[in-house]
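*Asks:* Two chains, each in its own frame: build the complex with the hints.
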Amino acid sequence: MQTRVRPALNARTATVSLWSALACALALPAHAQSNELTVEQLAQRLRAIEQRLGGGDAVANASADSGNLSDLDQRLRVIERKLELQAEENAARVASTPAVSLSASKGLSVKSPPPGDVELKFKALVQADGRFFIGDELLPQNDTFLFRRIMPTIEGTWGPLIGFRLTPEFAGDSATIADAYFDLKFDPRATVRIGKFKSPVGLERLQSSGSTGLIELGLASELTPNRDLGVQLQGELAGATVSYALGVFNGAVDGRDSPTVNPDNEFELAGRVFVEPWKNASNALSGLGFGVAASSGDRRGNGNNFLPRYRTPGQTQFFNYRSAVLADGAQTRWSPQAFYYRNGLSLLGEYVSSSQDVRVGAFADELEHTAWQLTAGYVLTGEDAGYKGVARPNQPFTLGAAGWGAFELVARYGRLEIDDDAFPRYADRNAVAAAARSWGLGLNWYLTGNLKLVANYTQTQFDGGAAAGRDREDEKAFFTRAQLAF
Amino acid sequence: MKTALRLTLLALALAAAGTVSAKDTDLLNVSYDPTREFYAEVNQVFAAQWKQQTGETLNIRASHGGSGKQARAVVDGLEADVVTLALAGDIDTIANAKQLPANWQSRLPHQSAPYTSTIVFLVRKGNPKGIKDWDDLIKPGVAVITPNPKTSGGARWNYLAAWAYASTKFRDGDKVVDFLTSLFKNVPVLDTGARGSTTTFVDRKIGDVLIAWENEALLTLEQSNTRGQFEVVIPSLSIKAEPPVAWVDKNVDKHGTRKQAEAYLRFLYTPEGQRLAAKHGYRPAEPDKVPAAELAKFPEVKQVTIDGAFGGWKKAQAAHFSDGGFFDKIYLPK
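These protein sequence lines are chains H and X, in that order.
Last residue of the first sequence? That's 486 in the numbering used here, and every number before it is there in order.
Last residue of the second sequence? That's 1334 in the numbering used here, and every number before it is there in order.
For reference, chain X alone in the conformation it holds in the complex (with noise of 0.2 Å):
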């Protein structure tokens, strides 16, 4: 009787067992406006890839907007399993909500950052309005796509690469702030994140010129039916933007998907991560991994760092874009 029981009893937890190991896990990865055609495929693969290690079978979701917006909504209460935002500081602002550990951006090699971009310009065929570096985009008539800082992640890197030039070139405060100012006068149309601001000047073919990141302008370059009608400039000085990437540890245990996630994270390491990043336009952090061929795209850009030129996210957020700082000065002029 006794062996009876023990056998049913083994048979109930194998049951149980198989059907936990053949339930399905959702995965929720809160990410930023131009990524969107990224990850799309680096969840399919990384699914395919998962199921294949584990028999799990892997939902991965993603939601996309302006990267300030959208740590704002994790913080609201949108459970992400992973964040991969346009900047640190709106990782930050998550971890000040206690989600995630101070420490996050330790955990994962080059600072949470597996790929870099920059900010470059997108410009129509010809180039009509000559449009070579910063100095172009404050010249009256030129009118300026670029999203809006308090709720773009993208918006705010395009915004430091212009303060950047308008430091080295000035190395004086008060001109660098008229520099902004102008530039943001000849700004007809604010969108709130960077796809927006892609489809103003792309899809409804507003403003002369395109603020954006390197990857979404490759991206418009490459697409079927935009093709032949833009080109990338490349400014003489730019910004090296590290889109970070993490594990919200709230939600994770809450959900009991802190494994899945970290193995999803780390994937983008990998060198079929990297490679997927280059293909995306994103530049790989690790590009020994990724063949030469795939980084022939990426032209080489003088740039500065967000903590050589700003002393790093936490010191740039509060001075430019915390309220009543320069960002409010220069568009909301009193």
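Next comes chain H alone, as it looks inside the complex (with noise of 0.2 Å):
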């Protein structure tokens, strides 16, 4: 027999309420809220639902004489109960599950539950280059397709002191560590970093390898070192308006890292002011940061780990010293730095000197060594430049849409100029150069905010160089990168 539900000629408050409850729990829609509908219906539609929820023996059994009102109470409360002990489920299984993200541009990252103070990321950075030389024909170099970098990079945090990254280089001969380093994060004013890592003395030298204008680095960034061993205390003051960093390091040679042990026994000071007056403000300086950076510390030695080598912008060695020079006393570098960004304007500058106590047998002299660049960059889609490049394209290239990604015109001009007095007892004139003026034009594609297309040329003169007293040719190198980054 099938009964009929009439809620208008059925008094009872309870029925009213279990029907309304009933249609809500069912989310029956409006119009099938009739007369028409009978009490088996609905508790077909309740099966259903059990079914769903699993469990149907048992509330089957319990609900063995289904069919009246009673009975379909009880199964839409075992229903509610059940949906209760599933979202306290659920929330207890989000309390205690990590949290696993992937996205295009945080790369992948796996967070603890609450707090989450606990946190991997994977992110990595590939270089894939392609380099030609025009015109070498007196000083001729390879043109070739090289990786400049494979950096995958595992960083994150570990309890809400310790911050850490690791970020091995793949590209070369046999596999290296780029970053090893942990941050005992005691406040934002005052963080311990401990390992290998980048010096604070370039400006250019701490940008990001995937967010420089140009392919390679200018001249100045020749002159400070980059990675080296050692503890830094950093932080940043006066809401981040002001930054600074000072470590001890085991030091290493202008333009490179330092090597694994500290070979001569001596330590470095580095150091760093950098300020940003107008950060927080909204006008035209709010993207003004100065700032001065210094090292000093004693060298002793002879060969690479000990006395630099410069390069062009196109890698070619320009200068070294005699095989017979040593490194002997202090090294010390000091270097005022700017950047200023407005818009899609860029402009970054940096003037270093570095000075080193050199001798051959009975001479010996302080060598000051010279640079400064300029580069200026201008993103011609309308995107934001910045310290850390052009993020994110407003419109990222679509196969077969409108989007075409931004672009980037970047140019600089730099310069590098050998202690006079390193010639001839220390460098010979006839094999390496005095002095190197290079300027380059760039234009970079971002496809997206991962993948980068870049092509440069860069023309460098030298002064001397070349037998008889002559100046070195120039070097004219047309090179093109694509970069993945996340």
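Incorrect hints may have been included.
[Claimed, not checked] Cβ-Cβ distance ranges computed for the label pairs, FRET-style:
1. E1041(X) with E84(H): 26 to 36 Å
2. A92(H) with A1102(X): 52 to 62 Å
3. G1077(X) with L453(H): 45 to 55 Å
4. D1253(X) with F186(H): 23 to 33 Å
Derived by calculation from the structure, the hints in this document are not laboratory data.
Glycine included, each C-beta is placed from N, C-alpha and C at the ideal position.
*Replies:* Here it is, written out as structure tokens:
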């Protein structure tokens, strides 16, 4: 027998409430809430929900006399309770399950359950270059394809105190470690960094390798140390408008990484203060930053671990000391530096002085080499430029659609001058140049936030460096790069 | 000068000692579901007593949940100073993780169980389904509320009490399994803990009978908002549940709370501790320390013991509640 439900004829409040509850629970469409609906139909729909929730046997067994309202009431209560338990279970699961996220911009990250102070991030930077030299008859260079960088990175936090980063480099003939450090994050104003990382001297050198304006660094960066091993206190003050770093390191020669151990038992102090007074304001000066960096330490020894070799932006060497020269005392660098970013415009400039006590036999001198460079860029497609590069095009490149990504034009000029006193005792003017002047133009095409194609032309002129006091032939380099970063 | 230096050092030492003695001490009791009200009062009484005896302020926090889940939380790093769980097997789990010695149960009287309880039925007023014994729980149309033995210590006692009854009745393993299978087919909602099951039965008004700790049933009878709505039914056979207590050596040594933790648990054996247990529906392990009037609410129940009927918790755990054990076969039929 089919029982017809007629709410209008049923005065019992409990029954009306039950019907309302049933209607809500079963998400009945409005047109279905008619007087034509039967208890059997409702029971059928309830049974379908029970089957979806599982445990249908127990429910059915406990509800053998299905077909009356009190039974439906019980079954509905069971469903509600099961949903409550599921919600509790889900909440507990969320509270105890690490959060895994994968995105194009941030790579892969795994975060511990709340409070989430353990986090691992996997990132990568891959740069594949095509490099071609033009008119290199007298000093032929290899035209080549090469991987400039293959750098996966694991970084993150291990509790509220500890941060870390590990970046191996696979692009060379053998794998090396680029960055390997951990931070003790006592406070944003005072973090202690321990391990191998970039020395805090060069402004362009401190930029991420994937964010620099041109493919290779300019001449001024040749006078600044790259990655070094040591301990550094760093932090941000005054609402992050002032940043500082002060560290003690094994000591790296100009333009290079430090060796894995300290070869001369001497240490180097390096520090930097950088100010962005209007960083938190919204005016034309908010992208202005300037500062000064310096390093000082003794260096004693002979060879590549102690004395620098300088390269052009085409990565060919144009200066080195004679083989008998010793580093024999203080090395001091100092560098005023500044940048300015405003909408698509970028300007970055620095001056570097690097002096080193050297010795050959009974002769000793302090030689001071200097360099400066200015890099200017403009994003043609309207995106903002920044110290970290053009992060995300407004209209990423899409096959068959309107988006072409972002385009940026970059130009750089720089000079590096070797101390006159280096010649002829410490260096051979017929073999190495006394000065280099380089200009370069670049076009950066940011197809997406992760993919960047670059073309650079750089031309470098030299003073000296060829036989009979002549100038070494100009270097004309056309470099291209495909870069994947996340 | 030397005298001045000595006096200064003495003053600093005294100041330091004063600082130490005035320091608050935290103590975490990780317990199971139905002990909330009991330990809330124990903590208050003991902390006051301890303050009076030592001058030290104890901040005793309690964590409650399904006993099995609580044990796993301690194994996973919840730094309990003491555990007061539903069954010895759960504390054995923590001992297996090397957080306290394997002989922990011999460190306190009565196998570290300062109070016992048993398993009873709670039915709605008037007992509309006429439930008198375990047999009534497998009848079609009877909805039985009991939590999940995988996560709840109380549920394991419930299950084992039913098993003990069926074993006594049938003396045939297959029929015992069939009995338990029929019983769990009548369970519409499997909560994770005993308190959750009480909520299901009492507050959500689901089911016809709640298999419950005796103390949980008595508490429901006595609460003002549920008074007069339920009845307790004593089955013909039940089980003597012995919820044990222990301090967790690894954590008390780490926190420097060994002395406080041990005193806290020994307090449970004092006349005051035993009286509080009885007040909250637990049968005192040393009833002679409690006035007879306080014991009147505990009727005579024919009980088996875990050792006598199942050969101890380790055997019961392995046979019934481990993965692939009897409970998996009963509740998850292939």
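*Asks:* State for each hint whether it applies.
*Replies:* Hints, verified against the model:
| no. | hint | verdict |
| --- | --- | --- |
| 1 | E1041(X) with E84(H): 26 to 36 Å | holds (29 Å) |
| 2 | A92(H) with A1102(X): 52 to 62 Å | violated (30 Å) |
| 3 | G1077(X) with L453(H): 45 to 55 Å | holds (49 Å) |
| 4 | D1253(X) with F186(H): 23 to 33 Å | holds (29 Å) |
Violated hints amount to a single one, hint 2; each of the other numbered hints is respected by the structure.
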